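Chains as they are written, first to last, in this note's numbering: chain A, 1 to 669; chain B, 670 to 993.
It is worth saying that the hints were derived from the structure and are not from the lab.
This one's a predicted model, so the numbers in the text were calculated from it and none came from an experiment.
Cβ coordinates follow ideal geometry from the N, Cα and C atoms, glycine included.
Hints may contain errors.
[To be verified] The calculated lysine-lysine pairs, modelled on PhoX-like cross-linking and capped at a C-alpha distance of 25 Å, are:
#1 A/K632 to B/K955
#2 A/K337 to A/K141
#3 A/K623 to B/K782
#4 A/K623 to B/K898
#5 B/K874 to A/K623
#6 A/K303 to A/K263
#7 A/K171 to A/K337
#8 A/K263 to A/K276
#9 A/K171 to A/K262
[As the list claims (entries may be wrong)] Coverage of chain B stretches by chain A, computed from C-beta distances (three or more under 8 Å per stretch; other residues unrestricted):
#10 793-799
#11 878-889
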Amino acid sequence: MPEPRNGVRIGFYVCHCGHNIASMVDCPAVAAYAATLPNVAVSRDYKYLCSDPGQELIKRDIAELGLSHVVVASCSPLLHEHTFRSATEAGGLNPYCFHMVNIREHDSWVHTDRRLATEKAKALARAGIRRVAHHQPLEMKRVPIHPDVLVVGGGIAGIHAALTLASAGKKVYLVEREPSIGGHMAKFDKTFPTLDCAACILTPKMSAVRSHPNITLWSYSEVVKTDGYVGNYTVTVRRKPRYVIEELCVGCQECIDSCVYKKPMFPDEFNEGLGKRKPIHIPFPQATPQVVLIDPEVCLNFKRGVLTDKCKKTCVEACAERKAIDFNQKEELKEIKVGTIIVATGFQPFDVKRVPQYGYGTYPNVYTALEAERLVNASGPTSGEVVLRDGRHPNAIAIIHCVGSRDRKTNRWCSRVCCMYSMKLAHLLKEHSGAEVYNFYIDIRAPGKGYEEFYDKLNEEGVHFIRGRVGEVTDWAMTPEEEGKLVIRVEDTLAGFVRRIPVDMVVLSTGLEPHSDAQSVRRMFNMSCGTEGFFLERHPKLAPVNTYTDGVFIAGCCQGPRDIPDTVAQAGAAAAEAMALIDRGHIDQEPNTARILADCSGCKSCIPLCPYTAIAFDSATQKAVINEALCKGCGTCVGSCPSGSIIQNLFDDEEVFGEIQGVLADEPN
Amino acid sequence: MPKPKVAFYWCASCGGCEETVVDLAEDILGVVEKLDIVLWPVAMDFKYADVEAMEDGAIFATLLNGAIRSTEQEQMARLLRRKSRVLVAYGSCACMGGIPSLANGFAREEILKFNYEDAPSVVNGPRTRPQLSFEEEGRKTHLPEQSRVVRSLDQVVDVDYFIPGCPPTPLITKKALAALLGDAPPPKGSVLAPDTALCEECPRKVGKPADLSFAQFRRPHQALLDPEKCLLAQGVVCLGPATRGGCGAQCPAGNMPCTGCFGPTSRVRDQGAKILSSLCANLEAKEAPDIDRVLEGIPDPVGTFYRYGMAKSILRRRVDLNGG
Ligand SMILES: Cc1cc2nc3c(=O)[nH]c(=O)nc-3n(C[C@H](O)[C@H](O)[C@H](O)COP(=O)(O)OP(=O)(O)OC[C@H]3O[C@@H](n4cnc5c(N)ncnc54)[C@H](O)[C@@H]3O)c2cc1C
Ligand code: SF4
Ligand code: SF4
Numbered sequence: 001m002p003e004p005r006n007g008v009r010i011g012f013y014v015c016h017c018g019h020n021i022a023s024m025v026d027c028p029a030v031a032a033y034a035a036t037l038p039n040v041a042v043s044r045d046y047k048y049l050c051s052d053p054g055q056e057l058i059k060r061d062i063a064e065l066g067l068s069h070v071v072v073a074s075c076s077p078l079l080h081e082h083t084f085r086s087a088t089e090a091g092g093l094n095p096y097c098f099h100m101v102n103i104r105e106h107d108s109w110v111h112t113d114r115r116l117a118t119e120k121a122k123a124l125a126r127a128g129i130r131r132v133a134h135h136q137p138l139e140m141k142r143v144p145i146h147p148d149v150l151v152v153g154g155g156i157a158g159i160h161a162a163l164t165l166a167s168a169g170k171k172v173y174l175v176e177r178e179p180s181i182g183g184h185m186a187k188f189d190k191t192f193p194t195l196d197c198a199a200c201i202l203t204p205k206m207s208a209v210r211s212h213p214n215i216t217l218w219s220y221s222e223v224v225k226t227d228g229y230v231g232n233y234t235v236t237v238r239r240k241p242r243y244v245i246e247e248l249c250v251g252c253q254e255c256i257d258s259c260v261y262k263k264p265m266f267p268d269e270f271n272e273g274l275g276k277r278k279p280i281h282i283p284f285p286q287a288t289p290q291v292v293l294i295d296p297e298v299c300l301n302f303k304r305g306v307l308t309d310k311c312k313k314t315c316v317e318a319c320a321e322r323k324a325i326d327f328n329q330k331e332e333l334k335e336i337k338v339g340t341i342i343v344a345t346g347f348q349p350f351d352v353k354r355v356p357q358y359g360y361g362t363y364p365n366v367y368t369a370l371e372a373e374r375l376v377n378a379s380g381p382t383s384g385e386v387v388l389r390d391g392r393h394p395n396a397i398a399i400i401h402c403v404g405s406r407d408r409k410t411n412r413w414c415s416r417v418c419c420m421y422s423m424k425l426a427h428l429l430k431e432h433s434g435a436e437v438y439n440f441y442i443d444i445r446a447p448g449k450g451y452e453e454f455y456d457k458l459n460e461e462g463v464h465f466i467r468g469r470v471g472e473v474t475d476w477a478m479t480p481e482e483e484g485k486l487v488i489r490v491e492d493t494l495a496g497f498v499r500r501i502p503v504d505m506v507v508l509s510t511g512l513e514p515h516s517d518a519q520s521v522r523r524m525f526n527m528s529c530g531t532e533g534f535f536l537e538r539h540p541k542l543a544p545v546n547t548y549t550d551g552v553f554i555a556g557c558c559q560g561p562r563d564i565p566d567t568v569a570q571a572g573a574a575a576a577e578a579m580a581l582i583d584r585g586h587i588d589q590e591p592n593t594a595r596i597l598a599d600c601s602g603c604k605s606c607i608p609l610c611p612y613t614a615i616a617f618d619s620a621t622q623k624a625v626i627n628e629a630l631c632k633g634c635g636t637c638v639g640s641c642p643s644g645s646i647i648q649n650l651f652d653d654e655e656v657f658g659e660i661q662g663v664l665a666d667e668p669n
Numbered sequence: 670m671p672k673p674k675v676a677f678y679w680c681a682s683c684g685g686c687e688e689t690v691v692d693l694a695e696d697i698l699g700v701v702e703k704l705d706i707v708l709w710p711v712a713m714d715f716k717y718a719d720v721e722a723m724e725d726g727a728i729f730a731t732l733l734n735g736a737i738r739s740t741e742q743e744q745m746a747r748l749l750r751r752k753s754r755v756l757v758a759y760g761s762c763a764c765m766g767g768i769p770s771l772a773n774g775f776a777r778e779e780i781l782k783f784n785y786e787d788a789p790s791v792v793n794g795p796r797t798r799p800q801l802s803f804e805e806e807g808r809k810t811h812l813p814e815q816s817r818v819v820r821s822l823d824q825v826v827d828v829d830y831f832i833p834g835c836p837p838t839p840l841i842t843k844k845a846l847a848a849l850l851g852d853a854p855p856p857k858g859s860v861l862a863p864d865t866a867l868c869e870e871c872p873r874k875v876g877k878p879a880d881l882s883f884a885q886f887r888r889p890h891q892a893l894l895d896p897e898k899c900l901l902a903q904g905v906v907c908l909g910p911a912t913r914g915g916c917g918a919q920c921p922a923g924n925m926p927c928t929g930c931f932g933p934t935s936r937v938r939d940q941g942a943k944i945l946s947s948l949c950a951n952l953e954a955k956e957a958p959d960i961d962r963v964l965e966g967i968p969d970p971v972g973t974f975y976r977y978g979m980a981k982s983i984l985r986r987r988v989d990l991n992g993g
């Protein structure tokens with residue numbers, strides 16, 4: 001038995017948690033046992049310690065019995081550590097002179113033998129009591145918060161978050177990688193299930209971003225570096241050259257008309273390559289900002305990106321005294337300070353080349369869903385007329401659901417929106433072409449307001465629904481009717497036989513994936529990714545827009561596939577979370593941070609290990625230093641310092657070994 | 670005033686520690702002048718009986734080197750403990766078990782069998798093994814018994830101070846003796862060497878990269894080593910970060926890595942585990958097969974990370990449940 005420590009008087013409390021603990025653990029026996037341990041001044045069991053009277057009990061004992069430390073054996077610290085720390089503090093002690101022992105999740109809930117579970121509770125209590133004797137008073141740290149916010153990604157999520165914050169008076173930097181904000185939504189003609197025109201609801205929001213005095217919009221830009229910590233981030237943004245001075249361009253587009261290329265002849269990214277554009281172009285009519293840009297890869301004044309000055313530069317002539325075109329523009333690095341960051345980088349569609357059996361790239365009349373979106377779009381390359389790549393108009397169209405979703409060979413998750421947008425496309429394609437439309441689905445997933453009704457409506461419209469995962473798309477005709485057609489081979493699992501359905505056009509409803517650069521974005525903002533690669537929320541239910549890095553929030557499809565209503569709701573939530581931080585003005589930091597002793601040899605082994613880049617090398621002292629505000633108390637460096645020169649509050653060797661010895665000690669009980 | 674009596678004694682050791690005492694060179698004369706040496710088997714002729722005859726506590730200090738691995742060594746350790754007011758574990762073997770304690774990775778029978786039967790250089794037809802006693806012409810002699818486990822001195826008797834090193838350098842020995850003879854002796858249990866790791870005093874620390882990441886490990890003979898660059902940065906396992914300084918970084922200065930003879934700092938319980946956790950955390954490889962490939966560069970991990978400290982490590986010894 002260890003020597004009692006002078007001046008340490010521990011109050012030990014074991015909670016019944018109603019029946020949750022008491023049914024499997026003999027709580028009075030645990031309390032009686034703990035009373036025999038060194039330094040324990042009082043030991044009690046109680047039905048609900050988290051209740052007001054339970055907390056009162058602790059407070060009263062602290063005052064009346066002169067306790068120095070408190071141990072509560074109850075549920076998980078995740079649930080009530082805060083409660084009991086507060087009670088300890090209210091009783092007049094430092095809140096960190098408290099330790100919580102989990103005998104519910106770690107004991108009563110997972111065992112079936114009451115005697116053994118009780119013994120385990122005693123061992124855990126012993127560990128906590130031995131540990132807490134070493135606890136020292138610690139102080140929470142207060143750090144002020146910079147009120148400006150960075151929003152990364154200008155899809156509907158980023159747009160909505162930026163506008164919400166800006167209209168609440170916060171200064172926002174919105175950084176978008178493409179030349180225009182709008183994200184995927186800007187490419188849609190209509191949106192399910194209401195079929196309201198996407199441009200009509202999105203464009204006003206885009207212009208509002210442009211004109212809002214509180215928003216600095218940096219399109220065609222990317223974050224290249226983030227330093228700092230919650231409340232105090234320093235972010236470096238790279239602004240790529242568009243060879244047009246944003247402040248001088250008025251968006252008249254006269255330059256485009258007068259380009260030496262009389263006809264547009266380069267594949268147009270915004271239209272998924274279905275249309276053509278000139279070297280100097282604007283992505284789409286409502287693009288925001290309304291600023292043209294030059295593609296140096298194809299512009300005659302460049303050769304493969306390098307300025308040659310060999311073109312007549314009719315565009316410059318057209319721009320005349322506005323002088324907006326600047327072939328010498330260079331990329332620019334801007335450094336900004338913000339307190340909070342909202343990451344809203346969205347998704348990328350599944351790459352259909354990964355399912356060659358559906359013939360994309362082999363058969364010209366196989367389309368991705370996004371291409372189909374552009375084809376039916378009134379402002380798309382065909383002005384909404386459904387003309388195939390070979391110039392024909394389709395009489396029959398197949399839409400294949402779940403391409404790159406719910407599939408062990410590609411992505412296992414359901415992309416949530418494909419059933420709905422497939423039905424939207426079915427409706428629009430039928431409306432625009434009069435063709436017969438067949439939807440091939442595994443299950444119809446229509447959970448959402450008005451979604452099931454939309455499915456019913458489609459059924460009434462005479463769209464065909466065939467249940468079965470399509471085996472292949474082929475042009476190998478077996479009957480005269482199949483000649484010159486694309487044939488869908490599928491097992492109709494409702495009818496119970498294999499079908500061959502000849503069509504003229506196939507649309508692949510591609511799933512939603514994390515961006516291929518999601519890992520580097522994750523590192524940039526110190527976030528985590530789930531197994532699929534979408535950014536990980538701190539808690540799936542209770543903190544869905546928070547990340548494990550304080551002050552960094554996520555919204556929209558970068559966190560997982562979702563539709564526009566959910567994206568907007570989440571963006572609003574992220575904005576509110578950011579505002580909650582900003583308006584409090586400061587953050588409290590847990591004091592379980594690590595610090596480096598003067599005994600550090602300066603070996604630098606710890607520096608690359610910190611996942612929060614909290615450790616730096618001080619060249620004056622030739623030793624490592626931890627930036628306390630950045631340290632999250634993960635302990636990585638503590639365990640790995642080869643000379644044991646890093647100490648972590650609440651995880652001192654004495655505390656940890658005390659706990660281990662406590663749990664292993666074979667004391668009579 | 671009579672000169673303080675001191676004793677030097679050796680147990681399971683190579684004799685290198687004795688060399689250091691001799692290496693004090695002219696200083697040894699100063700030492701002898703101040704001290705009265707009552708036992709020093711390597712240099713002077715004393716009998717155990719002389720020591721036994723002394724009163725308990727008669728010796729001011731004994732500097733004992735070597736690990737404890739035989740009955741005789743244990744007896745002498747106990748005897749000298751009784752006779753000395755201050756007992757100093759001198760050198761890595763006495764402090765931590767040293768190289769002899771690498772034997773703790775084997776059962777005693779394995780060791781005896783190899784050394785008296787299987788080693789390629791052994792010619793021992795009748796397979797004679799050391800006997801505990803032997804009679805010739807009516808006289809019986811006794812030999813000490815080898816123990817099953819090699820121990821550091823403080824695992825056998827109470828130790829007042831530790832002077833680490835394989836061997837301890839003359840400088841550190843001189844400083845320690847001065848401290849012991851001074852007016853304010855250090856607190857009992859102290860290791861009389863700096864408590865900061867070797868990197869601090871290593872000339873190669875300058876310019877050491879802050880983003881160490883090991884793509885491969887090499888042994889010193891496998892590469893032409895840059896004489897100035899940090900050895901770890903060249904992929905050579907150097908125990909400097911996990912080892913007390915005080916030696917003047919002689920090995921790194923001589924283009925060889927630190928092998929850890931000064932032992933861990935006071936804040937570390939297991940030197941080998943500590944350097945392992947640091948090196949492994951900084952491996953570039955992240956997948957199991959790649960990690961295995963990198964670790965192939967360390968063919969003898971126990972000998973690399975526990976070269977001087979097996980007895981005092983958490984590993985301590987191989988437990989052989991079949992005895993031997
Ligand atoms: C074919 C199809 C049809 C759909 N139809 C509908 C529908 O009708 N109704 C509906 O509710 N939902 C629909 N959806 C879902 C809808 O697209 C998403 O809910 C919505 O786009 C999510 O918005 P977001 O802002 O999260 O992502 P995105 O729209 O992907 O926007 C992300 C933005 O971030 C930018 N970005 C990415 N990485 C970076 C970076 N590193 N730095 C800076 N900027 C970056 C991108 O350029 C982009 O502008 C459809 C989806 C598809 C694939
Ligand atoms: S690992 Fe330890 S000794 Fe090395 S620099 Fe970091 S704190 Fe200092
Ligand atoms: S405890 Fe973790 S977060 Fe803190 S400095 Fe060490 S490695 Fe970084």
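| field | Annotated coverage of the stretch 793-799 of chain B by chain A, confirmed only when three residues or more have a Cβ within 8 Å | value | violated (count 0)
| request: Starting from A/K623, check that the Cα of B/K898 is at most 25 Å away, please. | output: Given that 25 Å is the threshold and the Cα spacing comes to 18 Å, the pair holds.
| query | Counting residues of the stretch 878-889 of chain B with a beta carbon closer than 8 Å to any beta carbon of chain A, are there 3 or more? | reply | holds (count 5)
| query | Does A/K263 lie within 25 Å of A/K303 when you go C-alpha to C-alpha? | reply | Holds - the C-alpha atoms of A/K263 and A/K303 are around 20 Å apart, at most 25 Å.
| task | Take the C-alpha atoms of A/K337 and A/K141, compute the straight-line distance between them, and say whether it is at most 25 Å. | result | 21 Å, holds
| task | Take a quick look at whether A/K171 and A/K262 sit within 25 Å of each other, Cα to Cα. | result | Violated, at roughly 43 Å.
| query | Does the alpha-carbon distance linking A/K632 and B/K955 stay inside the 25 Å limit? | reply | Given that 25 Å is the threshold and the Cα spacing comes to 23 Å, the pair holds.
| said: Checking one constraint from the list: CA of B/K874 to CA of A/K623, max 25 Å. Satisfied? | reply: 11 Å, holds
| Between A/K263 and A/K276, does the CA-CA distance stay at or below 25 Å? | With a Cα-Cα distance of about 9 Å, the restraint between A/K263 and A/K276 holds, given a limit of 25 Å.
| request: Would you mind confirming whether the straight-line C-alpha gap from A/K623 to B/K782 stays at or under 25 Å? | output: 50 Å, violated
| query | Is A/K171 close enough to A/K337, meaning Cα to Cα at most 25 Å? | reply | 11 Å, holds
Comparing the model with each numbered hint stated earlier shows that hints 3, 9 and 10 do not hold.
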